[in-house]
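Each chain, written out:
There are 6 protein chains.
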Amino acid sequence: MRPRLLIANANTTAGITELCAAAARRAASPGTEIVAATPRFGPAVIGTRAENAIAAHGLLDLLAEHAGAVDGVLLAVSHDTALDAARQLLPCPVVGMTEAACLIALTQGARFGLITFGGVEMYRELLTRYGFAPRLAGLAGVPATPEQVLADPAGVAALVQRAIGSLVEGGAEAIVLGGAAMAGMAERLAAPVPLLDGIACGVKLLEALCGLGLPKPMAGSHAAPRGRESCGLSPALAALLKG
Amino acid sequence: MRPRLLIANANTTAGITELCAAAARRAASPGTEIVAATPRFGPAVIGTRAENAIAAHGLLDLLAEHAGAVDGVLLAVSHDTALDAARQLLPCPVVGMTEAACLIALTQGARFGLITFGGVEMYRELLTRYGFAPRLAGLAGVPATPEQVLADPAGVAALVQRAIGSLVEGGAEAIVLGGAAMAGMAERLAAPVPLLDGIACGVKLLEALCGLGLPKPMAGSHAAPRGRESCGLSPALAALLKG
Amino acid sequence: MRPRLLIANANTTAGITELCAAAARRAASPGTEIVAATPRFGPAVIGTRAENAIAAHGLLDLLAEHAGAVDGVLLAVSHDTALDAARQLLPCPVVGMTEAACLIALTQGARFGLITFGGVEMYRELLTRYGFAPRLAGLAGVPATPEQVLADPAGVAALVQRAIGSLVEGGAEAIVLGGAAMAGMAERLAAPVPLLDGIACGVKLLEALCGLGLPKPMAGSHAAPRGRESCGLSPALAALLKG
Amino acid sequence: MRPRLLIANANTTAGITELCAAAARRAASPGTEIVAATPRFGPAVIGTRAENAIAAHGLLDLLAEHAGAVDGVLLAVSHDTALDAARQLLPCPVVGMTEAACLIALTQGARFGLITFGGVEMYRELLTRYGFAPRLAGLAGVPATPEQVLADPAGVAALVQRAIGSLVEGGAEAIVLGGAAMAGMAERLAAPVPLLDGIACGVKLLEALCGLGLPKPMAGSHAAPRGRESCGLSPALAALLKG
Amino acid sequence: MRPRLLIANANTTAGITELCAAAARRAASPGTEIVAATPRFGPAVIGTRAENAIAAHGLLDLLAEHAGAVDGVLLAVSHDTALDAARQLLPCPVVGMTEAACLIALTQGARFGLITFGGVEMYRELLTRYGFAPRLAGLAGVPATPEQVLADPAGVAALVQRAIGSLVEGGAEAIVLGGAAMAGMAERLAAPVPLLDGIACGVKLLEALCGLGLPKPMAGSHAAPRGRESCGLSPALAALLKG
Amino acid sequence: MRPRLLIANANTTAGITELCAAAARRAASPGTEIVAATPRFGPAVIGTRAENAIAAHGLLDLLAEHAGAVDGVLLAVSHDTALDAARQLLPCPVVGMTEAACLIALTQGARFGLITFGGVEMYRELLTRYGFAPRLAGLAGVPATPEQVLADPAGVAALVQRAIGSLVEGGAEAIVLGGAAMAGMAERLAAPVPLLDGIACGVKLLEALCGLGLPKPMAGSHAAPRGRESCGLSPALAALLKG
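Line order of the protein sequences matches chains Z, Y, F, D, V and X.
Going by the numbering used here, 173 is the number at position 173 of the first sequence; the sequence numbering is gapless.
Going by the numbering used here, 128 is the number at position 128 of the second sequence; the sequence numbering is gapless.
Going by the numbering used here, 46 is the number at position 46 of the third sequence; the sequence numbering is gapless.
Going by the numbering used here, 48 is the number at position 48 of the fourth sequence; the sequence numbering is gapless.
Going by the numbering used here, 93 is the number at position 93 of the fifth sequence; the sequence numbering is gapless.
Going by the numbering used here, 66 is the number at position 66 of the sixth sequence; the sequence numbering is gapless.
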């Protein structure tokens with residue numbers, strides 16, 4: 001099997017899509033094909049609740065264009081925007097990059113931590129919704145913007161390094177690096193526990209899921225939609241809802 | 001104070017908007033003004049995860065048109081679609097109809113139940129996300145469609161009546177009736193515990209919030225967005241993200 | 001409807017009752033009547049577990065005098081003393097001032113904090129019992145007595161201000177000010193998130209509940225007592241237990 | 001050491017006090033002295049929330065009479081009425097009969113069940129408050145009154161027997177028999193798992209605590225009250241609050 | 001990379017080891033090498049708590065023989081016996097077959113169920129320990145022994161089929177088949193949701209982990225032992241503890 | 001009744017067994033007989049996950065020698081190694097020293113803390129597994145080895161004293177001293193809340209359990225094994241599994 005995996009950004013900044021696609025290609029097994037795509041509309045970068053909600057539509061609109069043409073989808077956005085909706089909508093496996101890193105983290109130690117840029121509240125909710133709260137040692141929000149990451153990578157890496165130290169102190173035995181901007185930073189960091197990159201973890205997990213060949217659920221809240229009416233959506237998305 | 005409240009549907013079926021607006025007017029105090037609105041695009045009825053995710057954009061698009069012109073917003077959709085995003089985006093109080101009914105239920109007894117049409121999984125997640133799981137006695141999904149409610153109201157009411165019985169048996173001391181289609185059914189039902197209608201609870205809660213006059217948060221994940229870029233969104237929505 | 005609301009203190013210090021009644025009148029809608037009452041016996045101020053347990057009797061003894069003559073009851077005591085017992089006993093809605101502030105807090109942000117004077121353990125238990133623990137960002141106990149509040153309001157306000165800062169740092173997006181002594185302090189405080197006063201929240205919530213006109217439960221643990229025998233209680237309280 | 005243990009009823013039915021005292025004497029080690037007492041005022045039998053709240057005062061009033069004269073106190077009431085308040089107030093160990101049976105149950109198997117007469121909601125809350133919910137397999141409320149127990153012991157025992165079966169089926173590996181009326185029933189019952197009587201467990205646990213000779217806490221919410229003012233309480237109770 | 005994976009049984013029945021190895025070979029990607037091994041001592045089949053505790057030693061004794069010679073280890077025992085100990089002890093990734101199936105289940109739907117032969121209590125504890133309880137829809141214990149599976153596969157499959165039905169009814173959107181004896185049964189079963197086999201899931205997850213090449217933790221409770229003394233253990237195991 | 005209690009070490013350092021036996025004799029009631037024993041094989045001291053898993057076998061091997069000859073067993077190891085397995089295997093009550101101290105702690109205050117030497121993660125898991133997490137105020141790992149305790153008792157006691165202070169600050173109303181090395185330290189420590197020694201608590205709890213005379217469970221996961229086959233185990237242990 002030579003799976004074709006879609007790296008789907010949920011914001012409209014094509015540069016981030018490219019960064020994630022490159023990381024995905026580095027992580028992919030020989031024979032895995034990586035394609036990448038960016039939504040037609042939505043927020044430039046998802047930083048708040050409203051943007052995350054709006055981006056869900058842009059992402060599903062994008063996925064509808066690729067439905068049936070890919071063997072798996074990795075949501076290349078640290079909020080795992082619209083993960084459950086995408087999973088329901090598509091006929092193939094879908095994983096979120098933060099979800100994937102957390103699932104791998106669960107195999108590395110007792111409890112894990114997560115580092116991101118900015119506020120942590122939405123990540124706390126995301127991990128709680130996944131049910132991972134009992135295994136969460138802590139969340140650290142590094143006070144830096146993506147712009148600062150580009151302007152002063154060493155300075156920001158020092159902040160991340162400090163966050164690693166305090167999470168390990170607090171019992172983290174693996175650490176999820178949340179956000180695309182974290183990806184390039186790993187080689188600047190030293191850690192006594194595994195650092196988990198969502199894109200790499202997501203690609204490997206998708207390869208595993210493609211290998212398992214599980215059937216699409218026909219019951220429950222992840223069964224594909226059928227006969228659902230809508231208006232004002234793209235033909236591809238409306239067609240998927242119709243079933 | 002004479003608050004102006006927006007009853008905002010999240011699906012595109014104007015008839016449901018009208019039903020909810022009428023219920024809201026019955027519940028409103030003298031002096032409260034009720035306006036109602038329906039999104040420009042999105043699913044006709046929200047019944048699955050994908051539709052709920054898509055509807056979030058349609059709803060926020062709609063709310064952006066009314067931002068600043070209303071004193072409070074009630075999400076007239078039993079999934080409380082995009083509640084946290086709407087709350088962050090708007091300068092006025094926002095409540096969801098299921099959220100409101102649950103908050104009132106918490107003042108009526110020890111644990112409460114919820115009845116809806118169809119599957120209950122998304123409601124279980126919603127209530128868990130709100131943190132209400134410790135007070136939840138049970139969820140009951142009545143196997144009926146909105147169409148059946150219209151065609152055979154007495155037959156469906158009998159099914160709901162049975163669900164009430166089994167939830168009370170399971171310890172529910174108040175029962176939330178989830179979904180607009182439930183609204184008209186209350187007079188056909190007998191229950192030894194309070195039955196809570198989301199529209200009525202939402203209107204009263206919004207009146208209370210308007211009366212309190214709390215300031216908009218300036219910190220945290222519900223502070224208004226500022227300087228957020230986007231593309232392909234309506235001018236009103238893009239402007240709100242810009243701040 | 002012109003509801004008559006009882007502000008019921010649970011300790012025997014009439015001055016606190018007056019303070020709370022005044023705050024309730026400021027919060028009440030036009031047409032809402034506020035009456036206030038103080039128990040005949042019990043602790044002067046509730047500061048410990050034993051006092052809280054004893055005060056429950058004094059409070060219910062007091063409520064029995066007013067049963068049937070008021071449309072709603074607000075427990076004007078930050079421990080919400082005997083809330084569930086009062087709710088079971090009376091034919092009208094009953095809310096606790098801390099319960100009310102927490103319910104409103106749930107509509108303001110993701111997680112909330114609570115500030116009180118002295119130890120926080122009893123409040124942690126109270127909020128856990130209500131099921132609010134998943135939404136609690138933190139509890140702060142300001143080391144000051146009610147006497148110090150009167151003697152040095154500015155100094156104590158500075159301590160409260162510091163507690164606000166640390167709760168917001170810890171993720172609180174709304175803050176409940178626990179205790180009557182906190183009430184007058186709000187104008188001395190600056191906060192980037194809503195500060196919630198239990199008396200104001202309680203009055204508005206009771207007005208909402210009176211407006212909803214929900215029936216008294218006839219089943220479950222909040223149904224009115226019937227045929228319960230007792231000795232040594234006031235005639236009014238004994239009569240309520242008899243049903 | 002020859003401990004003197006007080007069996008303290010929380011309702012005013014002296015016959016129940018006698019039953020519990022007799023059961024305590026059967027369970028006590030040689031050398032343990034059992035004394036028993038009944039409150040001066042309060043509900044005849046605690047069956048509802050309001051009665052439980054009122055009984056707290058009667059119980060603490062009673063305990064104040066014995067403070068300093070006994071080495072340990074067993075609350076002989078299945079609701080463990082005012083347990084934390086009594087524990088704070090008295091200089092000696094205090095345990096509740098249901099608490100004691102649950103603590104012993106935790107040493108007998110993975111999860112345990114509880115059987116009582118009437119509604120189970122207050123017991124669910126009690127066990128949740130104790131933190132035992134993760135170890136609770138189920139609660140069973142046998143539909144019988146204490147009067148029926150006396151009138152038809154065999155018939156009621158058959159109902160209890162059925163409840164045992166369904167709890168074991170649900171995973172209970174030990175079963176707490178809640179309520180004094182259960183006590184005499186044990187010999188009529190057959191169970192494949194240990195049946196735990198609160199009076200016997202409480203007496204043995206108190207003997208253990210007396211043997212350990214732990215100091216009274218001087219910090220936290222269980223430190224003895226000091227300098228607390230009150231009015232209208234018995235001299236002994238007021239004196240304990242004064243410290 | 002061509003990983004060499006050890007399928008490690010924790011009981012001493014070599015026939016089960018062979019069954020699991022064959023299943024692993026069917027699931028493995030081309031290039032993955034599967035080796036299998038059986039402990040020298042311990043229970044024939046793990047069916048109780050005591051056997052599971054004893055088997056931990058036999059398993060670690062076995063793993064010590066292979067430490068350094070394999071790239072990953074799959075515990076081929078549905079209790080995931082000594083998973084955390086093995087993970088700490090070995091320099092390579094270790095996963096348990098039930099753990100692996102559950103991790104994959106988390107990517108398939110909202111909540112999942114688990115079916116096993118015999119009692120479910122130990123599995124409930126295992127999944128709770130992993131932190132998966134919030135995502136667990138239910139556990140079903142099919143009343144059949146491994147012997148019955150061999151003697152009457154169709155009859156037992158009918159029981160499993162019924163369990164699938166009741167778990168799906170209870171909200172399971174994916175189902176873990178627990179135990180080696182379940183493995184061959186999948187083709188006899190029909191299910192509207194994915195059925196997850198622990199051996200297949202474990203092999204794919206190990207391939208993913210080997211591909212990620214994460215470093216061994218040097219801090220926390222999963223860091224390799226160093227300088228630990230022992231007596232009476234096999235030279236290989238004692239040497240690993242010495243570090 | 002004159003119970004004979006076995007103090008069973010789970011590591012192979014006889015000196016620790018002796019220390020624990022001496023502490024048990026000091027705590028025992030007149031008439032209680034204390035015997036002590038050390039496993040034939042296993043780790044010298046249990047400090048890591050792998051050692052704890054291996055020690056389970058050594059401990060059960062040891063207990064099998066004493067099965068039927070003692071009235072109760074106290075696991076004299078702070079990890080309560082193989083507690084559930086031992087409880088299933090033996091015909092008499094079994095308690096773990098940390099379990100016992102925690103159970104007593106639950107009767108002393110609202111929430112308790114635990115102090116140990118080294119890392120706390122395994123203790124956090126243990127207490128979570130017992131279901132005590134809701135009552136846990138905090139865990140403190142004092143950075144000292146057993147060797148340092150012997151070399152510099154006053155210095156280490158100062159560290160423990162500091163840990164007591166910070167746990168009390170964090171809300172601990174009782175403190176469990178975890179580990180045999182803690183035992184002798186109590187007289188060097190001052191605390192405003194009870195300090196609980198696992199050996200003393202375990203002996204008193206076992207005396208209580210022996211006094212209750214509860215039957216061995218015949219159903220559930222703690223029923224004695226029957227007909228279980230094994231190889232390579234000691235005759236006594238193999239015989240117990242056979243039943």
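Please note that a few of the clues may not be correct.
[Claimed, not checked] Think about it this way: if two alpha-carbon atoms lie no more than 25 Å apart in a straight line, the pair counts; the simulated SDA-like pairs of lysine to any residue are:
id, chain 1, residue 1, chain 2, residue 2
1, X, 242, X, 232
2, X, 216, D, 157
3, D, 216, D, 19
4, D, 242, F, 44
Everything labelled a hint here was simulated from the structure, so no lab data went into it.
Cross-check of the supplied hints:
1. Using a Cα cut-off of 25 Å, the hinted pair residue 242/X and residue 232/X holds, with the two alpha carbons roughly 14 Å apart.
2. Under the criterion of a C-alpha separation no larger than 25 Å, the hint pairing residue 216/X with residue 157/D is consistent with the structure, at around 22 Å.
3. For the hint pairing residue 216/D with residue 19/D, the CA-to-CA distance comes to about 30 Å; that exceeds 25 Å, so the pair is violated.
4. With a C-alpha separation of about 11 Å, the suggested pair residue 242/D and residue 44/F falls inside the 25 Å cut-off, and the hint holds.
When each numbered hint is compared with the structure, a violation occurs for hint 3 only.
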